[in-house]
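Protein chains in written order, with the numbering used here: chain A, 179 to 354; chain B, 179 to 354.
Derived from the structure by calculation, the hints contain no laboratory data.
Ideal placement from N, C-alpha and C gives every residue a C-beta, glycine not left out.
One or more hints might be untrue.
To be verified - Selected chain B positions facing chain A (Cβ under 8 Å, derived; list incomplete):
#, residue
1, Thr-188
2, Gly-190
3, Ser-217
4, Ile-257
5, Pro-260
6, Gly-263
7, Gln-268
8, Val-329
Number of protein chains: 2
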Amino acid sequence: MVHADASNFTEGSTKAEIWEQAIESTEALLADQRNWAESNLANTASLIWHALKSMPEPSNHTNWAGFYVLDPRASKQLILGPFMGKVACQTIEFGRGVCGKAADSGEMQLVQNVHSFPGHIACDGETKSEIVVPIKVGEKVVAVIDIDSTVPSAFDEEDKKALEALAKTLGPACDW
Amino acid sequence: MVHADASNFTEGSTKAEIWEQAIESTEALLADQRNWAESNLANTASLIWHALKSMPEPSNHTNWAGFYVLDPRASKQLILGPFMGKVACQTIEFGRGVCGKAADSGEMQLVQNVHSFPGHIACDGETKSEIVVPIKVGEKVVAVIDIDSTVPSAFDEEDKKALEALAKTLGPACDW
């Protein structure tokens, strides 16, 4: 299969079908490709972005999908990884904003309205809701999946489950 | 300035104006941010993508914009870096395809029709033309900027000059 075809989702597919294809494609792309985490994250960001953009309302209002990873040169700090979307903040301290909270707590964060989230970091003023899922190796958070939407309450339990499945695949599949 | 605003280009701007803004924004984003090449490349890929998408025909037909970097674990091999677009090939040997030729020769490659380029690697069957600009530290190629378009002859001398300016900025600005 040509690589780009993994980003093509059949028109009219359900959200469940699209997430299923995205997870399967991620697993296929990661096979024997643990050699560089960044490479895997770059392709996975593309898959997540095109999956969400192919879904019905409100998922298709995604305006950013990507990763923040542990900064190798500073403890308790995330640094921008591969993503699809507009230019973003390059470093985020643990505990700051939605990504920082997910990294610090090790817990998924589903924020229906970012403006009511204490300490929200506005990389893009258009963002209204956000979901952040930590990626772990054992108990240690090594990165987070971060997805933003221009509409409030864009993400639900189905997204949470799919992203947690992706995080579980990515954690042990890459050398961080 | 909110980070995402760097990706917004005024409607009706000329190609020259848009490239100028993209280069200035890249320089601003890279200031004091040499700490992780990948982070700089992720934001620069976003800037290049949104710049091209904001330009008149044929530049707006860009379907992939990003980076391949030297594989730290294999000599004479590139590995996928941050990008905007559909899922892409993860490794490219020096000498193979347009990216591999740019990395091997250290020379910019402007290919008006990829199907007539010997050994072209079809990550995406929709790609018709491609420009690849090496990023160097001294004489050593450390990465390449790779941009694809769905139309033939999408790139010209103006793109070449702008991308070479970006490559010159990126080379010494990042720790590779």
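Earlier hints that do not hold, by number: 1, 2, 8
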